[in-house]
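K.L.:
With chain A fixed as given, assemble chain B onto it according to the hints.
Sequences listed follow chains A and B, in order.
Residue 0 is where the first sequence starts when you use numbering that gives the first Met the number 0, and the numbers rise one by one after that.
Residue 0 is where the second sequence starts when you use numbering that gives the first Met the number 0, and the numbers rise one by one after that.
In case anyone wonders, no lab produced these hints; they're calculated from the structure.
Remember, it's a predicted structure, so these values are computed and weren't measured experimentally.
Each residue gets a CB set at the ideal place from its N, CA and C atoms; glycine is no exception.
Take every hint as true, because none was put in to throw you off.
The following residues of chain A were derived to be distant from chain B, with all beta-carbon distances above 12 angstroms: (1) 29; (2) 62; (3) 64; (4) 107; (5) 138; (6) 337.
Some chain A residues near chain B, calculated using beta-carbon distances under 10 angstroms: (7) 51; (8) 53; (9) 84; (10) 89.
Take a look at the letters that make up each chain.
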Amino acid sequence: MQKELISLIDISKSFDGELVLDELNLSIHENEFLTLLGPSGCGKTTTLRILGGFVTPDKGRVVFDGQDITSLPPNRRQLNTVFQKYALFTHMNIAENIAFGLKIKNKPQSYIDDKIKYALKLVNLEGYEKRMPDSLSGGQQQRIAIARAIVNEPKVLLLDEPLGALDLKLRQDMQYELIRLKNELGITFIYVTHDQEEALTMSDTIVVMNQGYIQQIGTPETIYNEPENAFVADFIGDSNIIDSLMIEDKLVSVLGAKFACVDTGFGTNKPVDVVIRPEDVELVKPEEGTIQGVVSHLIFKGVHYEMEVMANGFEWLVHSTQMFPVGTEVGIRVNPFNIQIMNKPESEDEEAAAIEG
Amino acid sequence: MKDKKDIRVQKIMNKKLTGQLLSAPYLLWSLIFILVPLGMVFYYGLTDKTGIFTIENVTAIMSAEHAKALWLSIGLSLVSTFICFLLAYPLAMILANMNVNQHSFIVLIFILPMWMNFLLRTLAWQTLLEKTGVINIILQFFHLPALNIINTPAAIILGMVYNFLPFMVLPIYNSLVKIDPNVVNAARDLGANVIQTFFKIIFPLTVPGVISGITMVFVPALTTFVISKLLGGSKILLIGNVIEEEFTQAGNWHLGSGLSIVLMVFIIFNMIISAVFDKNGEGNML
Chain A
0 MQKELISLID ISKSFDGELV LDELNLSIHE NEFLTLLGPS GCGKTTTLRI
50 LGGFVTPDKG RVVFDGQDIT SLPPNRRQLN TVFQKYALFT HMNIAENIAF
100 GLKIKNKPQS YIDDKIKYAL KLVNLEGYEK RMPDSLSGGQ QQRIAIARAI
150 VNEPKVLLLD EPLGALDLKL RQDMQYELIR LKNELGITFI YVTHDQEEAL
200 TMSDTIVVMN QGYIQQIGTP ETIYNEPENA FVADFIGDSN IIDSLMIEDK
250 LVSVLGAKFA CVDTGFGTNK PVDVVIRPED VELVKPEEGT IQGVVSHLIF
300 KGVHYEMEVM ANGFEWLVHS TQMFPVGTEV GIRVNPFNIQ IMNKPESEDE
350 EAAAIEG
Chain B
0 MKDKKDIRVQ KIMNKKLTGQ LLSAPYLLWS LIFILVPLGM VFYYGLTDKT
50 GIFTIENVTA IMSAEHAKAL WLSIGLSLVS TFICFLLAYP LAMILANMNV
100 NQHSFIVLIF ILPMWMNFLL RTLAWQTLLE KTGVINIILQ FFHLPALNII
150 NTPAAIILGM VYNFLPFMVL PIYNSLVKID PNVVNAARDL GANVIQTFFK
200 IIFPLTVPGV ISGITMVFVP ALTTFVISKL LGGSKILLIG NVIEEEFTQA
250 GNWHLGSGLS IVLMVFIIFN MIISAVFDKN GEGNML
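With the rest of the complex left out, here is chain A:
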C-alpha cells in the first residue's frame, strides 16, 4: 500500500442540530482512487467539503501530509475540487478559466500558456481557448472544470458527483476518461457518487457510507462479493438477503434447507444474514435443487432474464440467461463459494441504518 496522505480523525458535523457525520475516521493514500459511495444524506458530500475546506467540522481533525489543516481556508490547501454542475466562471473564456488559479499565484505568462495548452490537450479540447463556457456542452464544461483544477498540480483532486448531470452514454465515456486521467497524472482522486456502478468501475477503494457512518471500506471486488452487512449488500447491486441459522462451520440453514458454504468462525446455531447475488442462484430441475419453488415473475432484461422464484416463503431474485416461464416448478442450487454469511446487526443504530437504506 502507498504512503498515507490524508487522515480524517474523529470527524463529527451536524447541521441545524442534525448529525451528519458521527466520529468518522478515514485514511486516504497517495495515488489512490477512493470513492465515497452512499445514498443522498449519508454524509459523503459533507466529508468532501470538509476536505476541501468549505465546511469546518464541529469535532475532529483533518491531517494532510502530516500537517493539521482542519482550520486552513480552501485557498491555502493543496487540493482542488471539481464541482457538481461544473461551476465555471461564465464571464471568462476557457483560457481565462483555466488560468485563474495560476494567475492568482502570479505564475509567468509563458508558463500559464503552456499549462493551458497541456490541460486542454489532456481533456481532449484543444483549440477551445477563446470559447465561452456557455457555448460548450455539459460534457465539455465538465472537462474544462477538470482542466481548471489540475493545472494547479494538486496532490489530491476532489470530485463531487461530477458526472451526475450528464447522460448515460457520456457518463460511461467520462468514467474511462477519468481513469485515464488519474493514471496519467499520478495523483489521488477522491470521488463522491451515489451511483454504485460508477463506484465499482473506477475505484481502487470504495467507502460505503450511510447516515453519517462508514459501513464498509474495501476494493470493489470485496464490497461486491463480501458485503459486511445487509445495507452494503442491498446498496451495491441486487441481492437476496435471507434470515438464516448458522448450524456449524461451513453449514447454514436457509429457509429450512441446509446449504453448504465456506464460512467458518460464526459459532453453532447462531442467527445470521445470508447474502446471495441473483446471478449466483442456479435454477435446475426440482429434484436436483436444494430447495424447490415456483417461478412467479419473468422479465427480459437484455443481457439476462430476471425471475422471481417463490420458495419456502421467500421470493428469490434470480438472474439467468436461461428462461423458465411463470408457473414452472424449479429447484434452487447455490455454489458454496457464492453464499456470503453476515453477522446480524448488533446495535440498534446499525439496524436502523440497514433497514432505512
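P.N.:
Here is chain B on its own, set in the frame of chain A:
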C-alpha cells in the same frame, strides 16, 4: 408531406394571429398614451408658435440658465446614483447571504416604503428637515448644532437617494442570488482569497445588475422635478423644474417640448448602455 407542412405553417400563423389579437389592448394603450404624446412632444419641440419648423426650442438648452439647470441635474443625479451604489451593494450582499426566512422579512421591510406614495414620502422628508422640523427639535434637545440642509443640493441628493435606493438594491440583489455558491467556492478552491474572489468573480458577475441599477436610479433622478421642488425650495432649478415651469406657468409648450427632447437624448443613451450590458434582464424584476 407538403400538405402536412402547410397545415403546420397555418397553425403557427394562427398562433401568431391569436397572440397579436391578445396584445391589441396593450398596443392601443401604448398608441394613445405613449406614441401620441411622444409625437406631440416632437411636434411642439420642433415648431414655433406659428407652426413653422425650427430647432430653436432644442438649441435653447445652450442658454446660460438652461445649461446650468441641465448640468446641475446631471451632477446631482450622478452623485445620488453613486451614493445609491455605495449603499446598495453591501446591502444587497447582506440580503443575498441571509437564509430564506430572514431575508423575506428584511426584503419586506425594505420594500414597504415603496408601497407608499412617492409624493408623501418626499413631503415627509420636508417636514423632517425643516428648520423647525423633527430632526432639528431632536438635535436641539441634545444641544447639538442644527442641521440646515433643507433647500440645498444636499437635501435634494438625500431625497433622491432615499427614493431611488430600492431600484439599485433589487437588480444587484437579483444578480447576486443568481451566482452559484459553488462558483464562489471554486474561486476559493483555486487559491483566491476573499478579496480576490470578490473583485475577480462576484463583482464582474453582478455588473449587469449594477448597470440596471444605475439606469433605474439615474434616469428618474435626472428627470425629477418633485424632489427638487419640495426639498430644494424654489431656489434650485433642475432641468425637470425648468421644463415643468414652461408647461404649467410660462405656458410655452414649444420650449418645454424642445428641452424635453434634449433630456430624452440623455435617457436613450443611458438605456442603450444598460441594454448592452444587461442581456439577462436583471432589472426586469421591477
